[in-house]
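S.K.: Line by line, the protein sequences give chains U and X. Under our numbering, the letters of the first sequence match residues 1 to 552, in that order. Under our numbering, the letters of the second sequence match residues 1001 to 1324, in that order.
These are computed hints drawn from the structure, not numbers from a lab. Do not take every clue at face value.
[Claimed, not checked] Quick list of the computed label-pair ranges, beta carbon to beta carbon:
no.	chain 1	residue 1	chain 2	residue 2	range
1	X	L1079	U	L31	54 to 64 angstroms
2	X	G1028	U	K33	48 to 58 angstroms
3	U	G231	X	P1286	26 to 36 angstroms
4	U	L250	X	G1028	31 to 41 angstroms
5	U	L250	X	Q1250	18 to 28 angstroms
[As the list claims (entries may be wrong)] Some, not all, of what chain X presents toward chain U, calculated at C-beta under 8 angstroms:
no.	residue
6	I1056
7	P1062
8	K1107
9	F1281
Being a predicted model, the structure only gives us computed values, none of them experimental. For glycine and all other residues, C-beta sits at the position ideal for the given N, C-alpha and C.
In case you want the letters, here they are:
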Amino acid sequence: MSSEAAVAEAPHNTHRVHYLNANYGVRSWLLTKDHKRIGILYAISMTFFFAIGGIMAALIRLELATPAGDLVQPDTYNRLFTMHGIMMVFFFLIPSVPATLGNFLIPLMIGAKDLAFPKLNLASWYIFNIGGAITLYALLHGGVDTGWTFYAPYSTSFSNTWVVVTGVGIFITGFASILTGLNFIVTIHRMRAPGMTWFRMPLFVWSHYATSLIMILGTPVVAITILMLAGERLFHIGIFDPAYGGDPVLFQHLFWFYSHPAVYIMILPSMGVVSELVAAFARKRVFGYGFVAFSSLAIAVLGFLVWAHHMFIAGVSVYAALVFSILTMLVAVPSAIKVFNWTATLYKGSVSWETPMLYALGFIGLFTIGGLTGVMLGTLGIDLHVTDTYFVVAHFHYVMVGGVIMGYLGGLHYWWPKITGRMYPVFWSKLAALIVFIGFNLTFFPQFLLGYLGMPRRYHAYPPEFQVLNVMSSAGATVLAVGYILPLFYFAWSMRYGKPAGENPWGAVGLEWETSSPPPPENFEVMPVVVGEAYDYGKKAYSFPKQEAKLG
Amino acid sequence: MWQNFPLFPDQASTIAPKVDAIFFFGLGVAAFFSLLIAVLVIALAVRYRRRRPDQIGEDEAPHDALEIVWSVIPLLILLVMFGWGARVYFQATRPPANAVEYYGIGKQWMWKFQHPSGVREINELHVPLGKPIKVKLTSEDVIHDFFVPAFRVKYDVIPGRYTTVWFQATKVGTYHLFCDEYCGAEHSRMVGSIVVMDPKDYEQWLTRGGGAAAPAASGEELFSSLACSTCHRTDSTVRAPLLVGLYGSQVQLADGSTVKADDDYVRESILNPQAKVVNGFQPIMPSYKGQVSEEQILQLINYIKSLAAPAGGATPTPAPGKKG
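For reference, chain X alone in the conformation it holds in the complex (with noise of 0.2 angstroms):
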C-alpha cells in the first residue's frame, strides 16, 4: 500500500504545466485566505475571551469603507482567476489546425478506438510522442468521458453527437484513461490506458496491426454495401444530392435556412433524414437508424469527408441551389 503513494499526477502533455500553473494560483490563493481567516478568529477569539461572565462587547460602527475593501479585492482576484483559467481552457479545448484525428466510442463499460491509418484497439490508444492529437468521441449508449489526468485533459462523450479532445504528449509512458462520468454498473472497470511512444516506435507499431483499412475506405466500401451509392450517385442528382464536395460547405435547406455540412449534420442526415431536407430535394430517403453502429457512422463521414475538395483544405463548394 505504501510502495506506490504519488501526491501529485505525472504531468505528461502540453497542457498539463498550464493547468498546474492556474492550479497553483488557486491553491495559493485558497491557502492564503483560509489560513488569514483561521489565524484572524482563532487570535480575535482568544484576545477578546470574555473575562467576567456579565462582560458584554463593544459594539463598533458600521465601517463602509471596510466592507469595499473586502468585497472588491476579492473581486479582484476573482477576475484574475476567472481570466486566466478561461485561456487556459480555451488552449485545452481547441484542438490546433495540424492535429491527427482519431476517433473514440464509448459504449457500457469499453473505449474502442480507431487510428486515422485505420488501426483499432478496445481500451488503449496508442499515441506518437510529440504530435497533436485530437480525438474525435461519441457514445453508443450512455453519457462517458474521457479523462486521462496525466495530461488534464477531460470530456464529457455523449450519445447522438461528437464531441472533441486534444493533446500533445510530451513524456513516453502509460497513463490512466478513466471514463468520468457515471455510466452504470462497470462504471469503475470503464478504465483503459493511453500509451505514449517515440513516433519511430509507433510507426512500427502501427505496421504490426496488419493491413487495416483506413475509415474513409472502410466507409467507401460500406457506402456500396448500403447501397447509397444508388441515390447518391456522382453522375446525377435527380434523387439525392451530390455528396462531391459536400462536407464543410454550406447547405441550403428546404426550409430556407442554411447549415454547414459539419460531421454533426452528416450523422443526423444518416439517422433522421427529415430532420433537414436539402432545397430542391423530396424528403424520400429512408432512415439507416439501427443499422449503421456508431462506428460506421464515423466511417461514412470519413468517406464523404475523402470527397470534398481534393485539396483537403475546407474551402466551402457551393451546394446545389445555393443563393449568391
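Okay, chain U solo, but in the shape it has when bound (with noise of 0.2 angstroms):
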C-alpha cells in the first residue's frame, strides 16, 4: 500500500486504501493475518453456527406448544436440545464476542498494528471450522443425544450417539479460544501504544484480559475431561462409570469446573462491550472505572471456584454444598458492582438514545434479572426444588441470551460503522432491538414460572397444566425469531448502500474512533500516543506526533 497517498487525501476519498480493499480475493481473505480480517471471518462462521442452534431451537419450541410429544420422536428430540446446546454455547456464545468484536478491536484500541501472533490468529480460525466441521458431521449423520453436559455414565456407556465425534469437534474447538486466549494476554502485556497505561485501556480490553485468563486456565479441564469421556466409552476405563469401577460424580466436577467459568468466558467480554456503549452514548468516564475494571478479574478468579453449585443435589457433602453457595454468593457481588456503576455512569451523562445504547440498556435490566435468579439458584434451599427446571433453563437464558447476545449485538450495532465504513437504517436497527427484547422477555419469562411450578428440562413431553405457559414461550420465541433475522438484512443492506459513516459517527473517544473507517490495513496511519485518560470526553487523550494535521 502507498501510505503517502493514502495520507495526502480527504478521508472518505474512495481512493483511500483500507482492509478491506487493500487486496481482493477469496485466497487474500483465506489467507489473511490481519485481525480485522480475521474478526470477520469468525462473524460469518459464528452466523452459520448460530443459524443451526436457532434453528433447532425453533424446532424445540415447535414441539413444546403442544403437551404431548408429537411433532418429533423423543430420539429427535434429544438430539435437537443436544446440538442446540452444543452449538450455540461452544460455537457461538464462547467465540462470539472475543473472537470477532474482541479480535477486531483490542489492537485498535490499545494503538497497535496487529495481534501478538497474527499466524495463530489465523490458525485458531481454521481450528473453530475444523472443530465446527466435525460436530457437524456428527449431527447430518444422526447427532448425539446426552445434553451438551455430557453426564457420564449415560454418555460414556448408554447413549447409541456420536458422542465421541462431537467430543472430538468440541476438544479441537477448544483449542481455537486457547490459542485466541494467549494471542489477547501477550497483546495486552506487550503491545500497547506509548502512554496507554494499563489504567488508560478501555474497559472492553480490561474484560477481554480476565476472559483470556479464563480460556487458558478452563479450556484444557475440559479438553482433558472429554479424553477420559472418550477413553471410558471406547475402552471401558474405569473412571465415571460405576460398572467399571468408577464414580459419575467426578465427571460432573470436571465438566462444571470448566463450564461453569465458561458462562464468564462468555459474559465478561459482553460486560466490556456495554461499559464502552454506556461510556460513548453518555458521553463521559465509565463511574468507578478502577471498580468495573478490577470486578472483571474478581469474577474470573471467583468463577474457577463455585463449580459444584451446579451439583447441590447430585450427591455431594452438605458441608461442600454450604462452601459453594456461599462462594456463588460472593462472586454475585463484583456483577453488583458493575451493574450499579453503569447506571451511575448515566448521572449528569449526555444520553443519546442510538441503538446500541439501547442494546446496552437491554442488557442491564436482562442481566439483572439473570444474575438475581442466579442468586436465588445459589441460595441452597431454593435449589433444592428449581435446579434442573425450566427456572434454570429460563435463568441461564436471561444471562447468556439476555446478557452475552444483547451485549455482541449491541457492539455489533456500535461497531459497525468501524468495521464497513457505512451506516445501517435508524429505524429498523431501532424496531429490531425492540422485538428483541420483547420477544426476550415473552420467551423466557414464562419458563421461570414453569420452573417454579416443577416442570423438569429436557421433557419431550409434559403434563397438560404446563401448557399456557409454554405456549407463551413459544409464541416469544416466535417474536425473537422476527429480531435475529432482522439485522442479517439491513447489515446486509448497509454495506452497499448505507450512507458513508465517517471516522466517528457517535461523537465516542477511544483510539479506534481516531483512526479512518474502514481502517486502514496497519490499523493508523502514524502510530498513536496516549496522552490522558479512557474515556476523556472534552480533552484531547492522544496526539499523533509525527502527523499533526491529521487531528486537525
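Take each chain as given, in its own frame, and dock them per the hints.
M.R.: Okay, structure coming up:
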C-alpha cells in the first residue's frame, strides 16, 4: 500500500486504502493475517453456527407448544436440545464477542498494528472451523443425545449416538479458544501504544484480559475431561461409570470446573462491550472505572471456585454444598458493582438513545434479572426445588441470551460503522432492538413460572397443566426470531447502500475512533501516543506526533 | 388448555412452606433490585438525555464510599439468603430419626418402590399422611432424579451408591413424581405419582397387595439361595466374618484402616469383595456383580441389617480384631 497517498487524500476519498480494499479475492481472505479480517471471518462462521442452533431452538419450541410429544420422536427431540446447546455454547457464545469484536478491536483500542501472533490468530479460526465441521458431521450422521453436559454414565456407557465424534469436535475447538486467549494476553501485555498504561485501557480490553485468563486456564480441563470420557466410552477404562469402578459425580466436578467459568468467558466480554457503550452514549467516563476493571478480574478468579453449585442435589456432601453456596454469593458482588456503576454513569451524562445504547440498557436490565435469579439458585434451600427445572433454563438464557447476545448485538451496532465504514438504517435497527427485547422476555419469563411449578428441563412431553406457559414461551420465540433475522437484512443492505459513516459517527472517545473507517490495514496511518485517560470527553487524549495535521 | 392453569405448585409437605418462604424472600430481593435498576436506568436516561448534538457528560469524581456501600449492602443480603437457604437445605436433606424407610430404584425408564412391609409398586408410591418417610434410592443404569414438586423434594438417584430423600406429606392427594435428571430416550415418560393417603386407608391399601414378604425376609431367602450362608455362618468365622451385629459397626480392614459398615459398604462388599477386605480374612469371596439386581442387593442389606443388635439401635458391636 502507499501510505503517502493515503495521507495526502481526504478521509473519505474512495481511493483510500483500507483493510477491506487493500487486496481482493478469496485467497486474500483465507490467508489473511489481519486481525480485522479474521474477526470478520469468525463472525461469518459463528453466524452460520448460530443459525443452526437457532433452527434447533425453533423446532424445540414448536414441539413444546403441545403437551404430547407429537411433532418429533423422543430420540429426535433429545438430539435437538443437545445440538442446540452444543452449537450455541461452544460454537457461538464462547467465541462470540472475543473472536469477532475482541479480535477486531483490541489492537485498535490499545494502538497496536495487529495482535501479537497474527498467524496463530488465523490458525485459531481454522481450528475453530475444523472443530465445527466435525461436530456438524456428527450432527448430519444422526447427532448426539446426551445433552450438552455429557453426564456420565449415560454418555460413556448408554448413549448410542455420536458422542466421541462430537467430543472430538469440541476438543479441537477448545484449542481455538486457548490460542485466542494467549494472543490477547500477550498483545495486551506487550503491544500497548506509548502512554497506554494499564489504567488508561478501555474497560473492553480489561474484560477481555480477564476472559483470556479463563480461556487458557479453564479450557484444558474440559479437553482432558473429554479425553477421559472418550477413554471410558471406547476402552471401558473405569473413571466415571460405577459398572467399571468409576464415579459419575467425578465427571460433573470436572465438567463444571470448566463449564462454569465458561459462563464468564461468555458474559465478561459482553460486559466490556456494555462499559464502552454506556461511556460512549453518556459521553463521559465510566463511573468507578477502577472498580469495574477489577470486578472483571474478581469474577474471573471467583468463577473458578463455584463449580459445584450445579451439584447441590447430585450427591455432594452438605458441607461442600455450604462452601460452594457462599462462594456463589460472593461472585454476585463484583457483578452488582458493574451494574451499579453503569447505572451511575448515566447520572449527569449526555445520554442519547441510539440503537447500540438500546441494547446496552436492555443488557443491564436482563443481566440484572439473570444475575439475581442466579443468586436464588445459589441459595441452597431454593436450589433443591428448582435445579434441573425450567427455572434454570430461564435463568441461564437471561444471562446468555439476554446478556451475551444483547452485548454482542449492541457491540456490532456500535462498531459496524468502524468495521464497514457505513451506517445501517436507524429506524429498522431500533425496531429490531425493541423486538429482540420484547421477544426475549416473552420467551423466557414464563419459563421461570414453569420451573417453580416443577416442569423438568429436557422433557419432550409434559403434563397438560403446563401448556399455557409453554405456548406463551413458544410465541415469544417467534417474535425473538424476527428480531434476530432483521439485522441480517439491514446489515447486508448497509454494506452496499448505507451512507458512509466517517471516522467517528457517535462522537465517541477511544483510539479506534481516531483512525479512519474502515481502518487502514496497519490500523493507524501514524502510530498514536496516549496522553490522557480513557473516556476523556472534552479533552485531547491522543496525539499523533509525526502528523499533527491528521487531527485537524 | 385454559381449564387447568396453575401459577403456583401445591404445598403438600412439611418442607414445602419453608422452601416457599425462602423463595419468596429471594424473589422479593430479585424483584426489588431489578425494579430499582430498571427505574434508575430509565429515569436517568430520560432526565439526562442529550439536548445538543455536541453536548458531553459531566464527569463525576470517583466515589469510594458509594462503591463500598453498594458492595456491602448486597453482600449482607446475600449472606442472609445463604444462611437461611442453608438452614432449609439441612432440614430438607437430613431425615428425622423416626422416618420410616422405603426403597426406590430408578431404571431406564421406570421407578420401582418397595414398602417396609414388602409391598412393591411401579411408578407409583402410596404413602401415609403425616408420617416422616425416607426413600433410599439407587439406580440400575444412569443417573436419574427423584423430584416431587408438590413436596419441594428432589435428589439425584445415582448408580453405584445410595442417596436418600425424605418428606412428610401434609395433604391427601396424588402428586407428580418426575425424573429430573436427563436419562435417555424416554426421560420425559419416567414420570409417576406419589399417592398420599389417610393412614387408615393406607393400612387398608397395604393389605390389598396380599402377603408380600418384607425386604429382610426376601433377603434371608436370597442369602441361602445364593449360598452366602456356606461361608458367612453364625457358628464359625473361619472363612468369612460374622455378620451378626455387623451393620452399623466399625470394621477393621486388612490395610489397617477402619470403615463404617453402612449400606454403601455392604453393597460394595457384595459386588466388589476385594475392595475392602476385613482384617484377618483371606480375599476369597467371589464377586456377585451381574448375579444380583439392585433390588436384591437392597434386600440382602436389609437382612444383614436385621442381624444387627437385636435392640435395633446402631450400637456398634466390636468387629473381629478391632483394637480397643
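S.K.: Now tell me, hint by hint, if it's right for this structure.
M.R.: Right, here's what the structure says about each hint:
1. X:L1079 to U:L31: 54 to 64 angstroms: Cβ of L1079 of chain X to Cβ of L31 of chain U: about 56 angstroms, so the range 54 to 64 angstroms holds.
2. X:G1028 to U:K33: 48 to 58 angstroms: Roughly 54 angstroms apart at Cβ, these two residues keep to the hinted range, so it holds.
3. U:G231 to X:P1286: 26 to 36 angstroms: holds (28 angstroms)
4. U:L250 to X:G1028: 31 to 41 angstroms: Roughly 38 angstroms apart at Cβ, these two residues keep to the hinted range, so it holds.
5. U:L250 to X:Q1250: 18 to 28 angstroms: About 27 angstroms separates the Cβ atoms of L250 of chain U and Q1250 of chain X, which means 18 to 28 angstroms holds.
6. I1056: holds (4 angstroms)
7. P1062: Interface hint status for P1062 of chain X: holds (6 angstroms vs cutoff 8 angstroms).
8. K1107: violated (11 angstroms)
9. F1281: Given a least distance of 22 angstroms, the restraint on F1281 of chain X is violated.
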